[in-house]
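Enquirer: This is what each chain is made of:
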Amino acid sequence: MKILFTLFFILMSSISLASSVDERRSSILKIIDQELSEIRRLSNQTGNRNPDHLLRIAELYLEKARLYKDKENEDYLKLSDEDRRKLNKKTFFKTSDSYFKAADEVCLRIAKNFKNYRNIGDVYYILAFNAKELNDEVKAQKYFSLANKNSSKNSQTQVKSNISLAEIYYNQKKYAKAIPLYEAALKNVDDKWYTKDAFNLAWCYFRVNRSSDSISKMIEVYNKSKQSKYVDMSSQIERDIGLFYATSGRIGEGIDFYKKLNRDFVGELIAIASKLKDEGLYLKAQEVLNQALKYEKNDNSKSKIYAEQLELFDKYGKTGLHLKASEALLVLVKNKRASDFEEKRLKYFSEKYGATLQKQVASKTYKDIPKTLKSKANMANRYFEILRELEPKRNSEIYFLQGETAYASNQLEDAVKYYDLSYESAKKENNKKFLVASLDGMLVVAGDKNLKSSLKKENTVKSFERFLEIEQKSEKAYKIYPRLFNSYFDSKDLVNAEKTLERFAQNYQGDYKTQEAMLAKLMDYERKNKNNEKFKAYVQDINNQKYKVTKGYAETLKKHLTAMEMEDVQNSMNKGDKKLALIGYHNILKNQTATDEAKTKAKYNLAALYYELGATKEMYLWGVESLKSMSSKDILEFSDTFLAISMYLFGKIILEPSSDLSYRLLAKLCNEKTAKKSVAFKNSAYLSLANHDVSRTEDVLALGKRCGISSLELTQVKIELLKDYFEQKKYEQYDSLASELSLSREAYSEAIVAFHNLSVLHRNHGNQNQERHYLSKRDALYSKAVKEKVALKIDALDIMVDKEISSLHLISSKLSNIILSFPEASFNAKLKQKLNLLDQLTTEASKVQKIGSGKGIVESYKILSQAYTKTSVEINQFSPPNVSEEYIKSFKSALANLVSTLQNQGQHFLKEGKIAINNNNILRDENFSLYALETQGLQVRFWHPNSAIIMDREGAR
Amino acid sequence: MKILFFLFLVSCASSPKLEKKDIIVDEVTNKDFVRKKAIPYVKSKDKYQNIKDDYSKLMNDETLELVESEKKPEDILEDVSRNCYSQKFEEAFILVDKIYDEYRTNPTYWNIVGNCFTLKKEYRKALLYYNKATDINSSYVPSLNNQGVVYAKLGEDQKAIVSFERATASGAFSKVPKFNIGLLYLKYGLYEKAQKIFNTLIGLNQEDVEVLNALAVSHLFQGNAKEALNYYNKIPKRFLSYSHIGINYALAKFKFGDSNLSKDILSSIDKKNLGQYQSYYEDVSRFIGVK
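Protein chains in written order, with this note's numbering: chain A, 13 to 969; chain B, 184 to 474.
Simulated from the structure, these hints should not be mistaken for lab results. Note that the coordinates shown come from a computational prediction; the quantities given were computed from them, not determined experimentally. Be careful, since some hints might not be right.
In silico contact screen, one side only, chain B against chain A (beta carbon under 10 Å); selected entries [said to hold, decoys possible]: (1) THR212; (2) ILE222; (3) ASP236; (4) TYR283; (5) GLY354.
Yeah, the Cβ is synthetic: ideal placement off N, Cα and C, and Gly gets one too.
Please model the entire structure based on the sequences and the hints provided.
Expert: Here it is, written out as structure tokens:
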């Protein structure tokens, strides 16, 4: 195999002279092909039974594969990205692949057919190499192991296999396995690659914590690297040895090492740590950095370490340490002890971690693990705090984020604090976005039931107010006003509650319902606290359209207001402060918002109070007003008051108002069933009559009739009215009313008198028809009364008796007209006529007397007395003519008894008349005409100038 | 006869109206709401006292109508009455307004107000107040009597006598109703009945001019001029010129045979205010031969 390698090297050096790579490659390939052709021929000649030929063929295939692979790689790299993506790699690399396969096939044939082949180790080496080329590490490891096992001890193939296998283990991080392979290989090798492989061995030591070996090997390699014989690994060693020193605690040696190189050890350590980090050696990296921090005194350098720590902890998810490093770095940044890069990294990580942690906090993952949740939230906020320190211009945003985080972790108080800070910052920054966002956040927190009540109150109000400063009218604002209002209201800050209502009302004029709800609370409060003035002010505001409420509510308020005022007044009354009550009721009436019902009550109560005061004008006026306003039902209940006022006015001789009040009372009680109507009617009617107010009396009567006042009571008033009509010469009404009264038994007398008066009036005017008409009516009514046995009054009887008296006078006249004369037969006939007339007169007089009229009695007795007396005188004085004295004597004697009887009868009637006058207390001027029958000359008369004497007092006994 | 003279005057005073000064609420005090306590009616005190009058000596405890003398009223009700009899109705009603609260349950108050209206010739009003008095006390004699007075003034004597009789029935010791009944009897010639009443009254006081006059008239009615003159002679001369006294006094003198004196008496009567007596005066003048 040495030959082969030699040839190969010759070939390689010869082609190096070629003018270009392609040409060289082509040249080499030609040479390989020539050799391959020759070896195949030889192999074929031997029936391929010589494994040396086959091994060579495999080596040549392998060489060809490498050359083609180089060419294919170059071509591949020349392709555009797009072309690379499009091409089929298998196809593109098929040439090289075909030679690799060919080499593999030949080697496998050897391995199969020539198991005891002395160079079988080389065959396995080729298979391992090919597998390595094809990245088939498992196969490569297998064949390198076989190559190692089947090659001569310390042979080149074994050494190379060991190293290759060590490398595979190294790459597989199987350092412990790699170490003996490297150690074994390196004992027998001192070529230029020694330093490289030893370097790997040093790392393997390091990886298995053989720090001392690793440092020693590194120093050895470092020293050998100074020799040109070896590949120079010094730069890698300078890079890595710091790690070894650092992790083994041999920092001093490390510093010495780098000092000699005039290099910054910390920088190296950082680089080392970075490397460790990249390699996944977190702990090592952490240790390196810790050590670096321990020894570093310079802040600027420290900041670098911290920055690296950030990277490290970030990579390994060590959040707590990361935060600690961040906070440490922040101090340096703030002290201007860090570079821009470090500051940027700190910003980056703070932002990243803040956001990440916040996201975790907000997720459901830690919902049921409060301790973790809180811890993560706090860390997030510490990151945000760092970020805020670094970017003060983002204060509002970062505070907001902190608020969100705190809220998500149920740290409500912190949330409030951060949202508050966010708001204040946003205000300074004029950042509307976070102004609103912070308020939103605050509102949410404020609404959280778990927030401490004191904070809740304070912050709810604050946040609502802030929000409304920004948005006076929006969907959200609409919801906030009532909540703000309630917050103020609940804390009894009524001034601000009202201001909130005002603002709401300005912005949502059409929302009656909400305004109403707010007002209701305020007004209920004021009402309960007896703050009537304030309550009224609200009602006034409503009336002035400052606040809009539904009609129904407005009415309710009015009722409330009034009820309140009424209550106040009633309280005054109950306390005996009637003056205050008086003022109160007046105020209710002045109050435009008072309900009609309240005003009505006020009017009534004013009437009652003024009644108590004895203020006639006021009690009347308010009595009238309350009657106008009150319902009939209420008036019925309180009718005694009105009657009392009416009576009071009457008592004080204020008659028209007294009458008027009763009239109004009657009108109001008209449809009620109550005896009070009758009282009111009589009060009003008789006072009107007393004032001779015909018109008013008519009104009262009409009203009384409509209101069901009894016909008897109506009639009694009509009777009096009838008199007024006559006195006032209202004859039409007189006639009409008389006709009306003629239908009432109780008024037959007055109707008769009226018809009589009307007949007289017509007679006086020469209207005989009308006279007769009324006489006819009078007589008809009288007949009716007699028939109905109605007891008529003296006036009527006196009128009706006139007719009968006239009849008596007629008889009397007839009697007087019969002149006695002779002859005897004639005398007897005439006497008989006279006596018959006297009988008739007596009979008729008796009838007249039975009528019951004093006048009729006196007149009838007078007529009878006169007739009898006169007849007796006529008879007595008659002396038959042309007859003898004796005849005359005999004639007179025959008539003497008759004369005496008639005379006595005349005296008897006179006496009876006088007795009747006395017995019946007949007080008529006709008495004197009766008396005149016996009194000669002047009749004594007496009239007291005052008619009768008024009696003021009961007098002494 | 001052009082009688006044009755012929036409009243011009009206009843109170509401044109009073408005109540100033601020000036009201809670004490103002307390009504003055009603003064209870005491019958024994319902009388005039200490009235000394030459004309009316019998009935001046019951009425001022016949009293000519003036004196300071002993109580406010007397003050009201005196004002009304003097036709000073306005003053009277001012007093009425003041005393109403105290006297509202007192029939005397209502009666006196009624009297004022009677004196004002507002009879319906008067009756309303009398009715109120009798509502309070159905047997209150003055108002029962005064209802009769109103009827008498309205010419309804038949109704008047019923009232007087009711008054008399209620107040057996009351003099005015009896006197009023007697006056009606005299007016209508029921002399015997009248005389009986006046005899009773004169028994109570023999110097009362009205009773003396009434008795004189009663006797004169019956043709007993001598007895009539007995009574006339007891009447102080200054009252004989009153028409309702002097005319019949003159007639009595004439009938008694003292023609000249009768003429003198008749001529001394004030002819300007004869009123109802106008034609009777003329008849008497003719009768006794006065030209």
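Enquirer: Does each hint hold? Answer for all of them.
Expert: Now for the hints, and whether the structure bears them out:
no. : hint   : verdict
1   : THR212 : holds (6 Å)
2   : ILE222 : violated (14 Å)
3   : ASP236 : violated (14 Å)
4   : TYR283 : holds (5 Å)
5   : GLY354 : holds (7 Å)
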